[in-house]
Amino acid sequence: MLRFDFLEARNLRHAISLLERHGDESRVVAGSTDFLARWRQGFWRPAAVVNLKGIANLGRISYSPQNGLRLGALATVQSIESNAQVRRRYQALATGATSFAGVQVRNLATIGGNVCNASPAGDTLPALLAFDAQCTIAGPEGSRTLPLTELFLGPGRTALKQGEVLTQLTLPAPLPRTGSLYIKHSPRGAMDIATVGVASVVTLEEDGRTCRDARIALGAVGPTPFRATDAENLLKGQELTAGLLAQAAEAAEAAATPIDDVRGTAGYRKAMVEALTRRTLQYSLQMASGRAMPFEEQRRLAVQTAF
Amino acid sequence: MNKQPLTMTVNGHERQILVAPYYSLLDTLRDELQLTGTKKGCDEGDCGACTVILNGKAVTSCLVLAMSARGAEVTTVEGLATPDALHPVQQAFIERGGLQCGYCTPGLIMAAVGLLEENPQPSAEEVKFAIGGNLCRCTGYTKVVEAILLAADRMASLG
Amino acid sequence: MATFKVLEQNNPRVDAWEKVTGRATYAGDVYLPGMLMCKTLGSARSHARIVSIDTSLAEALPGVRAVITGVDFPEIRFGSGALKDRYIMARDKVYYIGEPVAAVAAEDEITAEEAIGLIDVQYEDLEPVVDPLASLRAGSPSVHPDLENYEGYGFTIEGGNICTLLDADRGDVDQAFRDADHVFEDTFRSQGINQGFLEPMACVAHVEANGRLTIWASTQGPYQVRAQLASVLNMALSNIKVIPMELGGGFGDKLRLAFEAFPALLSMKTGSPVKLINNREEVFTQNGPRHPVTNYIKTGVNQDGTIVAREAYTIFDVGAYLGAGPNSGIGHGLGAYDIPNFRLRSYAAYTNKVYVGSYRASGVADMTFAVESHMDMIAHKLGMDPLDFRLKNAIKEGDIAVNGSRVPRNGLVECLTAIKEQLGLPKELPEGHGVGIALCEWRSGTGPSTAAISVNEDGTVSLLTGSVDISGSDTSLASIAAESLGIAMDQVIVAKRDTDLAPFTGPSGGSRIVYSQGKAVEMAAEDTRNKLLALAADRLGVPSDALACADGSVYVQDNPPQALTLGQLAAMSVTSRSGPIIGNASLSTLPYAPVFSAQAAEVEVDKDTGQVKLTRYVQCQDVGVAINPMAVEGQLEGGAVQGIGRALTEDMQFDPETGAVRNPSFASYLMPLALDLPELETLLVRVPSEDGPFGARAVAEPPGFGPPAAIANAIYDAVGVRIRELPLSGERVLAALRGEGNDIAYIGDELEELKRAEGLSV
Ligand SMILES: Cc1cc2nc3c(=O)[nH]c(=O)nc-3n(C[C@H](O)[C@H](O)[C@H](O)COP(=O)(O)OP(=O)(O)OC[C@H]3O[C@@H](n4cnc5c(N)ncnc54)[C@H](O)[C@@H]3O)c2cc1C
Ligand code: FES
Ligand code: FES
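Protein chains in written order, with this note's numbering: chain A, 30 to 336; chain B, -5 to 153; chain C, 64 to 825.
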C-alpha cells in the first residue's frame, strides 16, 4: 500500500502517544524533505505519519554562555545558518548549514531530521559532532540525554527507540580563541550530497600558539559520521605547525573507511579527507588566532566556489 | 485514507478543500486548485521548478505535505501580478531574456521573490546562492542573474 | 551591416507574458473531465525472454480501468529511421532495464502506481551485452540475433551487434600517413549524457466517439509523432491530431514518438482521456539519452604544421535500439579544418541499455572533444601556438567541406581573432591557472519548411507555421515576418497550431528553424508583400514598382502621403478580384551554410582535490545576422552551459553487469547550477550567410561543442596533465596529477578487426 494517513501531533505527549499507538507502521515527519523523497522512491512505506511541525516552541534556537547553544529539533537548517550567534561562535555549524542543498530545502529541512535521518553524508552532522552535541530525547518513559556520538548506529540507523522523539541538541559554549570550519567536497556548489565533509574546531591556549583542544569530524567516509580522535590527539597541547596539521590530516585519512559509489571511489574519498582536514584545520587556526573571516568568505570556502 | 479538509490562504484567498493525506502541496495546487503555473520537474526536491512562497519562505512544494500547510499562506507564480502590472521580477525576466522554454521560470521567479523579500539589495553572488536550488537547462543563468539584479534595483528605487 | 527595424533588436519573446505568469500550458497542464492517469511498468531485467505477464491482480484493483501489455498492440516493428528494430512495448523479449512491459490506466495516479506493483512478470534471463567494444568482437552474444531480417537493415559487414556504419573517404590516406613528417594518434572517451530538459515527457490522449485520436503532446516533431503513432497503432494518419503544447525543453530527445501510444491505446480501451507523465527516474531510464562514445583519431602532419591526413573511428553505443543514429558525429572528424586525405568511420553498436535519442547535434560534441584535444596535443608537440596551429589549417571559403560542398564565405577567422583579443592570447596565468581554446563547426539545418501569412483588417498579420517553438523560434519567425513586411513585432500574431491546422513541416531540431523555417517565413512575407503591392497599385493607380511597404502601410515612394495602411488593404482585399490576402511559401532544402564558433576557457585547478574551477568562459560565434541578439546570446549561453556540464560534472553511469542507469535523478546526475559558473562572455561575429533569412545562420548547436576540449586544454595549460576521458572530474585530474594512470584503453585490437572486416590493410 502506498497511501498513508496524516496525523497531526498537538504537542510532544500527543506525538509520543500517536507513535506508541501506531507502532512500527508509523513514522515521524518534521520538514518531510527526506520523508517525501524516500516515500516516492519506495524505501519508506508507513501506514501513517505523525507530523511534528505543529508543535509549538520545538524550533527555538537560543544561546547563553552557561548553557551553550540549544537547538530545538524543529529548527530549520536555514534558521541555523542565519542565526547570528551560530555564525559568530559555531562557524563550522553555520557553514555546514549553508552548504546544505538549496535555499528552498533549507527552509524546510530541520536539524532534528538531519540528525535522525543519520545519513553518513548529513552536512550538519560533522559540526554537531565536533562541537560535542548532546541529544535530548523524549519517549514513553520520559526524557533522556545521549551524546550525539552514541546516537548513530549505521547508515539511517539511530539509537532512538520506538516512540521516541529527538527534541533538542545542546552544544557547549566554545572557549575563547576557538575557530572552526566545515568544508563540503562535491562537484557542484549546491544541491549536492557531500562526497566528503570535514568539520574542524580548534581552540588555542592563552599564548595564542599552543593547541588547547582540537576536534575533527568526518562525513561520508564511513557508515556514520564520526570523530577522528587519533588526529585530534596529535594536535592537543602542541604548537600547530603546518607539518603537524599535515600529520593530523594523514591520521584522519587513515581513520576513514569509505566505499566506492557514483560520487567517487574510496581512494579518492580518502585523499579528500586528507586535503579537507588540512584546510579546515588551517582556517580554524586562523580564526582561533583572531583573524575575522566574514561569513561570505567562509561560505565560499565551505562549498569551494571561486567567484 | 479518505480526503481530509484543509484550509489555507493561496494568493490572498482563503481556500477550503479536501485533500488526500499523502498529497504534496505541489499536487494540491495543481490537481485540486488548478494552479498549474507551479511546475513539477522532478518531484524529489532537486530542481526547484515547484518553488512557492510558504509563510514568507521559498520552498520546494513537492517536499511539503499539503496537510502540514494547514492555515498557511501560500503564494504561487499566479499570485504575483496585479491586474495592472507584472511583478518587477516578472517584468525584468521578460526584458532581460531570463527565460526560454519557461518550465523552470515560475520556480526561478519565486526563488527570486523569496530572496528579495529577505535581502532587497543582493549582490550577484547572493543571487547565485539564492537560486542555487533551481535548475535551468536553457538559459545558462547569466541572463537570469541579470534580470534578478535589475528587479532588485527597480524595487529599491520604488522604495 | 544592413540596417534593420526589427532584427538585431532585443525584442521580448512573443510568449514571455504567459511564461512569467504561469499561464503557459504544457502537456502536463492539460486536465480533461474524467481523465485517467497512466503509469508504466519497466522491465527489471536487461536481457530476457518474457515467459508470462499476469495482470489479473492489477485489473482487479478498484479504480483500475485498463491494463495493457505489448501483445495488445499490433505486431509491428518501427524505428527512428529506415531500420525497424523495435516494438512500442516489449512483446516477447526485453532488451534493457526500464523498458516498458505494461501500462495501467486508473482513476488516479496512486492507484495506477499500486496497480503497477501488482503486475507479475516472469522472465527467463539471456546473457546481456553491456560493453560496446566487447560487443564488436566475434563471439559476443547478440542483442538482436534476428537483425538481418528486420525491415530496413542495409548493412553488410558481419559483426553481431553493429547496426550502422557511416563512412567518408577522400584521397589516399594510407600513403599520406606514410609521407607525413609526424603521425599522432589518440583515443578519447566521452561519457553518457542526458538531455536534462526540465519538463518530463508528458502527454494526454483522447479518442473521440468517432474514433479520432487527439494527442496533447510535449514534442519537437508533431508530424513525426503523428506518423509513428499511425504506424504502431496501425491506424490512418488522418485519424490522428497532434497538438504540440508549450515545450519545456527537448534538445533532440522529443523529436520522435516516445510513449504517446500507451495512453492512446488505453484511451481507446476505456473511452476516457488518459494522461501519462514520466517521473524523473523514468526520464533517465526509459527515454533516449546518449551513451559513452569512443573516438580514435590519427593525424599526419608536416613539420611546418600542415595537416595532410586524418583517420577517425567512432564507436557509438546505441543501446537496445537505434533511437538516433551515429550520423552527426561522422561529418565532424575533420573539425573545422581543411584536410586533403581522410578516412572517417562511425560504427553503431547495440548493447542491452536504454536506447539512445538525439541530443543537440548528437555525436558532434563527443567528436569535437576528441578533435580539439588532439589538435592541442599536436600543437604542443610541434612547439606551435595552439591558436596559430588552428588558423594555419582552418577551412576557408572555396575549400571543399567533408560533405562535398563548396565552403561559402564565413566568419571562422573573425571568431578566432575575436577570442584572441578578448583574452589577450597568448597569455601567462598564475600558477595553477590555465587557458584553453576550442574551435567548433556545424551547419545550418535544412529540411521541409512551410509558412503562411494572412493580413487582418486592423493591419496585424497572422503567421501560421507547423513548427513547434523551441528556443524562442516563434519570436524569431515573428521578427522575420515583421521585418519583411515593415511592421512592428507586436503586429504579428503567431498562431497556435496542430497537425490538422498547419501545413507539414520538419521537426524543430538540428538548428533548422531560423535558417530554413525562417527562410520560408521570409518568402511567405515576400509573397504577402507582393500581393499587398499589387492591390495598392490597383487602388492608387500607380505601378507597383513605384510603391514601398514600411511602417504598416504601402505608400508611393515619390509621394509618401499617398498611402494605404495594411489594415485598409486587408479590408479592401475581401471584396477585391483576387480575394483576401494570404502569402505562402514552401521549400525543401537550402544550400550548405556552415556555422563556426571559437571558444575559450580559463580554469583554476586545485592541486589537492583535482577540482577544476571554471573562472572565465568566452565564446564567439558567426551568427550571420542576429535576428534578436538577446535571444541569440541566450542560446549561446545555454548551449555553452550544457557543454560545461558535459565537461565537468555530468555523467550518466551504467552498471557494468546489467547496463542499468546507476544515477537516475537530478541529485546524482549533476547539471550545472548558477553557482558553478562565471558570467559568460558572449561575442557575435556577423558574416551573413548566402541563403538564410536576411543572412542569418543557425545558432543553437555549436556553443555546446567547445567546453569539453577548451576546458581539457586549459587544464593541460594549468597543470600539465592531459585528460582524455569525460567528465574532467576532480578524481580524474587528481589521479593524473599523481601520475596514477587515468588513461583509457587504446582501441587498437578492435580497430584492426573492423578494418579487416572492411577489407582494409592493417
Ligand atoms: C533535494 C534534497 C536535497 C538534500 N540535500 C541535503 C544536503 O545537502 N545535506 C544534507 O545533509 N541533507 C540533505 N538532504 C536530506 C534532508 O533534507 C535532511 O536530512 C533534512 O535535514 C531532513 O530534515 P526533515 O525535517 O526534512 O526530516 P524528515 O524528512 O521530516 O524526517 C527525516 C527522518 O528523520 C526522522 N525524524 C525527523 N525529525 C525527528 C525527530 N525530531 N525525532 C525523531 N525522528 C525524527 C523521520 O522519521 C525520518 O526518518 C536533502 C534532501 C533532499 C530531498
Ligand atoms: S519538482 Fe520540486 S524540486 Fe523538482
Ligand atoms: S528556460 Fe528552459 S529550463 Fe529554464
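Keep in mind the hints are simulated off the structure, nothing from the lab. Computed from a predicted model, the values in this text were never measured in an experiment. Yeah, the Cβ is synthetic: ideal placement off N, Cα and C, and Gly gets one too. Wrong hints could be hidden among the right ones.
[Claimed, not checked] Chain C side only, calculated, beta carbon under 8 Å to chain B, not exhaustive:
(1) Val83
(2) Gly85
(3) Ala123
(4) Leu124
(5) Gly312
(6) Gly394
(7) Glu520
(8) Gly522
(9) Phe729
(10) Ala730
[Said to hold, decoys possible] In silico lysine-lysine, BS3-like type, Cα no more than 27 Å apart, as pairs:
(11) C:Lys455 <-> C:Lys444
(12) C:Lys455 <-> C:Lys304
(13) C:Lys559 <-> C:Lys68
(14) B:Lys51 <-> A:Lys299
(15) A:Lys190 <-> A:Lys82
(16) C:Lys444 <-> C:Lys670
(17) C:Lys490 <-> C:Lys332
(18) A:Lys299 <-> C:Lys676
(19) C:Lys361 <-> C:Lys332
(20) A:Lys299 <-> C:Lys490
(21) B:Lys(-3) <-> A:Lys190
(22) A:Lys265 <-> A:Lys299
[What the hints assert, rightly or not] Stretches of chain C that chain B covers, calculated by requiring three or more beta carbons in the stretch to come under 8 Å of a beta carbon on chain B:
(23) 72 to 81
(24) 397 to 409
(25) 545 to 559
(26) 610 to 621
Verification of the hints:
1. Val83: holds (4 Å)
2. Gly85: holds (2 Å)
3. Ala123: This hint is violated: C:Ala123 lies away from chain B, its Cβ roughly 19 Å from the closest one there, beyond 8 Å.
4. Leu124: violated (15 Å)
5. Gly312: holds (5 Å)
6. Gly394: Cβ of C:Gly394 sits 26 Å from chain B, so the hint is violated.
7. Glu520: This hint is violated: C:Glu520 lies away from chain B, its Cβ roughly 29 Å from the closest one there, beyond 8 Å.
8. Gly522: violated (24 Å)
9. Phe729: holds (4 Å)
10. Ala730: holds (5 Å)
11. C:Lys455 <-> C:Lys444: holds (16 Å)
12. C:Lys455 <-> C:Lys304: The hint is violated at about 53 Å.
13. C:Lys559 <-> C:Lys68: Roughly 25 Å separates the two Cα atoms, so the pair holds.
14. B:Lys51 <-> A:Lys299: violated (38 Å)
15. A:Lys190 <-> A:Lys82: holds (20 Å)
16. C:Lys444 <-> C:Lys670: holds (24 Å)
17. C:Lys490 <-> C:Lys332: Roughly 68 Å separates the two Cα atoms, so the pair is violated.
18. A:Lys299 <-> C:Lys676: Between A:Lys299 and C:Lys676 the Cα gap is close to 21 Å, so the pair holds against 27 Å.
19. C:Lys361 <-> C:Lys332: Distance of about 57 Å is beyond 27 Å: violated.
20. A:Lys299 <-> C:Lys490: violated (36 Å)
21. B:Lys(-3) <-> A:Lys190: violated (31 Å)
22. A:Lys265 <-> A:Lys299: holds (23 Å)
23. 72 to 81: holds (count 7)
24. 397 to 409: violated (count 0)
25. 545 to 559: Since three or more residues must qualify, the claim that chain B covers the stretch 545 to 559 of chain C is violated, with 0 doing so at under 8 Å.
26. 610 to 621: violated (count 0)
Hints 3, 4, 6, 7, 8, 12, 14, 17, 19, 20, 21, 24, 25, 26 from the list above are not met by this structure, while the remaining hints are.
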